[in-house]
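Colleague: The residues making up each chain are set out below.
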Amino acid sequence: MNLAEYKDVYVFAEQRDGKIQNVALELLGKARELADALGEKVVAIFLGKNIKDQAQSLIAAGADKVLVCDDSHLETYLTEPYTEAITQIIKEFKPSILLIGATTIGRDLGPRVSARNVTGLTADATKLEISEEEKEFRMTRPAFGGNLMATILCKNHRPQMSTVRPGVMQKLTPDASRKGEIVDYKVNFDDAKISRVKIVKTVKEEKVITDISQAKILVSGGRGVGSKEGFAKLEALAKELGGEVSSSRAMVDAGVMDASRQVGQTGKTVRPNLYMACGISGAIQHLAGMEESEFIVAINKDKYAPIFNVADLGIVGDLHKIVPMLTERLKTMQK
Amino acid sequence: MKIVVCIKQVPDTTEVKINPQTGTLIREGVPSIMNPDDKGGLEFALQLKDKYGAHVTVITMGLPQAEAILREALAMGVDRAILLTDRKLGGADTLATSSAIAGALRTMDFDLIITGRQAIDGDTAQVGPQIAEHLDLPQVSYMEDLQYDEATKTFTIRKQMEDGYQILQMQAPCVVTALASAVQPRYMTVSGIVTAYDKEVEVWGADRINVPEDRIGKAGSPTSVFKSFPKQLKPAGETFEVSPEEAVELIVNKLKEKHII
Chain A
1 MNLAEYKDVY VFAEQRDGKI QNVALELLGK ARELADALGE KVVAIFLGKN
51 IKDQAQSLIA AGADKVLVCD DSHLETYLTE PYTEAITQII KEFKPSILLI
101 GATTIGRDLG PRVSARNVTG LTADATKLEI SEEEKEFRMT RPAFGGNLMA
151 TILCKNHRPQ MSTVRPGVMQ KLTPDASRKG EIVDYKVNFD DAKISRVKIV
201 KTVKEEKVIT DISQAKILVS GGRGVGSKEG FAKLEALAKE LGGEVSSSRA
251 MVDAGVMDAS RQVGQTGKTV RPNLYMACGI SGAIQHLAGM EESEFIVAIN
301 KDKYAPIFNV ADLGIVGDLH KIVPMLTERL KTMQK
Chain B
336 MKIVVCIKQV PDTTEVKINP QTGTLIREGV PSIMNPDDKG GLEFALQLKD
386 KYGAHVTVIT MGLPQAEAIL REALAMGVDR AILLTDRKLG GADTLATSSA
436 IAGALRTMDF DLIITGRQAI DGDTAQVGPQ IAEHLDLPQV SYMEDLQYDE
486 ATKTFTIRKQ MEDGYQILQM QAPCVVTALA SAVQPRYMTV SGIVTAYDKE
536 VEVWGADRIN VPEDRIGKAG SPTSVFKSFP KQLKPAGETF EVSPEEAVEL
586 IVNKLKEKHI I
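Just so you know, the protein sequences line up as chains A and B, in that order.
When the letters of the first sequence are read in order and numbered with the numbering used here, they come out as residues 1 to 335.
When the letters of the second sequence are read in order and numbered with the numbering used here, they come out as residues 336 to 596.
For the record, the hints were derived by calculation from the structure and aren't laboratory data.
Note that the structure is predicted; figures quoted are calculated from it, not measured.
Yeah, the Cβ is synthetic: ideal placement off N, Cα and C, and Gly gets one too.
Any given hint could be a false lead.
[Said to hold, decoys possible] Reference excerpt, derived from the structure (chain B facing chain A, CB under 10 Å, subset only):
| no. | residue |
| --- | --- |
| 1 | G364 |
| 2 | V462 |
| 3 | P464 |
| 4 | Q504 |
| 5 | Q519 |
| 6 | P520 |
| 7 | K534 |
| 8 | R550 |
| 9 | S559 |
| 10 | K566 |
| 11 | P570 |
| 12 | L585 |
| 13 | K589 |
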């Protein structure tokens, strides 16, 4: 493998039902930074059906070039046609770096692409950087349930692949005046191979799912909140602050909160402007999902709770008293 | 029907602690367990055994002490257990691991391969799909339910998605990766535990799998760890033990100062 032939930072721009996913825009923001450090280009791989009219928004988000594969086989995600499309792009264009969102789609696709192309894949990186001297691509990820960080290299294989969880990287402010190239790319499929898995149906859950990773303000509750009634107090505060309610794993396991609102290693990664941790002790798995928040307020009865180690403002006290009082205070301030 | 379940022995990461002086992992006293998603996958296999009389094999790659989880699987009711262990397989990343396991699977008969979605020590979710790729088999990951039609040898699988689920179908032979949360694994039975220790655990070395040496172990790993370090937590802010009234004032003032309200 001649490493010098490989260049540019590629992003898999995931879409569902024709809608570009937020994680794709976040990855384009990071890819822009990496490509600028290398003096290379950002290329978005955009697979789907009747999607070309949206390619410009990927350029506005940071891409220099968008490869559009418009094909009915790519309308809804399936492992084989997507793996094959990306493999053909890798063989033809030789990317140096390939970033994929760590969604249920990306974490199915990434390993299959890495094995077909015999290259390395770093899972769920939280930090991606180009080293100043060697211009080496360094991927840092949590290991051992978030207890340890490891920086991974992929020295002699290309592309250097990484998945990144939604909410970890920051998207750029869209710039509609940015110029880029939109190129159609035709993939050749082996019909026998791509038809081995059939979609019987795709079901969207009826419940309204709020994407907590997009919220600017989160009022988050843990074991100390205790019950649905306790969470009602948090919801009232969140409403007053214009934010959303999220939860620790304990309250999801207890059936009090929905899993879509869970913050942490097995839940979502969030970095809001304000994270109010109420009755959350701060297990390392929880901290892994929220410690990048801009400003953290913690309210907990136990003054030794580890959450106070990451909080910018810690209050040792009873959230059941403080939260309603704070809500009332904010209400009177607005009058 | 023949099923092979790939399982892994992992440290119980919820018990892992960091030595604050040295910043290194304290691994002594941390129990080793069968990875939860793998155990979920094993339960799916045993349910197919109950229903259709499937023959279930478990395989693990690891150190000799990984025999413990194979004995546990035997006590839960599997028919055959294989320990793939060799110094030549050490230091493997996910790609080299999947190459070695796929090599072992290639020598076996199967209709279905089940792996866990991911292991709690690495959380990569890569080895299952990579095994499927090496064997050129179709795959469905994030499986939360599985039905089988004997006449057509077709599996109908419910796959978890962030915003709902998908129902997918594929024919044997194929690969699925299972979610621990989807099933409650059965307990070992007393008679199972007794007989598990009479059963043979087959020990395979790298010579049993026909995989080139540059595809296994450290040599076959495209990725390497440049450095590892304990997570740097940002310095703690101030913590106050005050009355609820004062607490509210403190919070309001800080939020104003930060232009959040």
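Colleague: Does Q504 (chain B) meet its interface restraint, that is, does its C-beta lie within less than 10 Å of any C-beta in chain A?
Modeller: Q504 (chain B) check passes; min Cβ-Cβ to chain A is 5 Å, inside 10 Å.
Colleague: A closest beta-carbon separation below 10 Å is what the hint needs, so does Q519 (chain B) meet it against chain A?
Modeller: Violated. Min distance 14 Å.
Colleague: Hint check: is the beta carbon of P464 (chain B) less than 10 Å from a beta carbon of chain A?
Modeller: holds, 4 Å
Colleague: Holds or violated: is the Cβ of K566 (chain B) closer than 10 Å to a Cβ in chain A?
Modeller: Holds. Min distance 5 Å.
Colleague: Does K589 (chain B) pass the interface check with chain A, least Cβ-Cβ distance below 10 Å?
Modeller: Holds - the Cβ of K589 (chain B) comes within 10 Å of chain A, reaching about 5 Å at its closest.
Colleague: Less than 10 Å between beta-carbons is the criterion; does G364 (chain B) satisfy it with respect to chain A?
Modeller: violated, 15 Å
Colleague: Taking the least C-beta to C-beta distance, is V462 (chain B) closer than 10 Å to chain A?
Modeller: The hint holds - V462 (chain B) has a Cβ within 10 Å of chain A, the shortest such distance being about 8 Å.
Colleague: Going by Cβ atoms only, is L585 (chain B) closer than 10 Å to chain A?
Modeller: holds, 7 Å
Colleague: Do the numbers back the hint for P520 (chain B), that is, is its least Cβ distance to chain A under 10 Å?
Modeller: violated, 17 Å
Colleague: Given S559 (chain B) as an interface hint, is the shortest Cβ-Cβ distance to chain A below 10 Å?
Modeller: holds, 5 Å
Colleague: Hint check: is the beta carbon of R550 (chain B) less than 10 Å from a beta carbon of chain A?
Modeller: It holds, given that the least Cβ distance between R550 (chain B) and chain A is near 8 Å, below 10 Å.
Colleague: Close enough to count: is the Cβ of K534 (chain B) nearer than 10 Å to one in chain A?
Modeller: Violated: closest Cβ of chain A sits about 32 Å from K534 (chain B), beyond 10 Å.
Checked against the numbered hints above, the structure violates hints 1, 5, 6 and 7; every other hint is satisfied.
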